[in-house]
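Taking my numbering, the leading residue of the sequence shown gets 37, the next gets one more, and so forth.
Just so you know, the hints here were simulated from the structure itself, not pulled from any lab data. Please read all numbers here as calculations on a predicted model, not as lab measurements. Fair warning: there could be bad hints in the mix.
Subject to a maximum C-alpha distance of 27 angstroms in a straight line, what follows is the list of computed BS3-like cross-link-like pairs (lysine-lysine) [what the hints assert, rightly or not]:
id : residue 1 : residue 2
1  : K95       : K59
2  : K93       : K59
3  : K95       : K56
Between beta-carbon pairs, the in silico distance windows are [stated by the list, open to error]:
id : residue 1 : residue 2 : range
4  : G54       : L103      : 36 to 44 angstroms
5  : P40       : L103      : 16 to 24 angstroms
6  : E78       : T104      : 24 to 32 angstroms
7  : S96       : E55       : 27 to 35 angstroms
8  : D68       : Q100      : 27 to 35 angstroms
9  : A49       : E78       : 13 to 21 angstroms
10 : Q100      : R44       : 14 to 22 angstroms
For each residue, glycine too, the CB sits at the ideal point set by N, CA and C.
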Amino acid sequence: SVDPAFIRTITSAEHVCGEKRYKCSGCLRYHDTLGSLMSHIEQGWREGFSCRVFYLKLKSIWEQSLLT
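Given these sequences and hints, build the entire structure.
As structure tokens, this is what we get:
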């Protein structure tokens with residue numbers, strides 16, 4: 037499972053057309069809420085996205101960089 041605290045830490049929130057949106061770092065799609073982004077990461081494979089794998093690998097690399 038993807039760690040929500042990690043996702044909040046690394047996710048960029050941007051203003052798009054005057055609205056705050058959350059950008060998936062895996063596929064670069066925007067989501068209205070952080071919850072929507074989390075759902076996309078967990079269930080995106082149903083739409084053909086592998087964002088969950090991307091975030092799991094990103095977290096692994098991030099944790100290794102903290103140890104060195």
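Results of checking the hints against the structure:
1. K95 / K59: Answer holds: K95 to K59 is near 17 angstroms, not above 27 angstroms.
2. K93 / K59: holds, 17 angstroms
3. K95 / K56: holds, 24 angstroms
4. G54 / L103: 36 to 44 angstroms: holds, 41 angstroms
5. P40 / L103: 16 to 24 angstroms: Holds, at about 22 angstroms.
6. E78 / T104: 24 to 32 angstroms: Given a distance of about 29 angstroms, which is inside 24 to 32 angstroms, the answer is holds.
7. S96 / E55: 27 to 35 angstroms: holds, 32 angstroms
8. D68 / Q100: 27 to 35 angstroms: holds, 32 angstroms
9. A49 / E78: 13 to 21 angstroms: Roughly 19 angstroms apart at Cβ, these two residues keep to the hinted range, so it holds.
10. Q100 / R44: 14 to 22 angstroms: holds, 20 angstroms
Of the hints listed earlier, there is not a single one the structure fails to meet.
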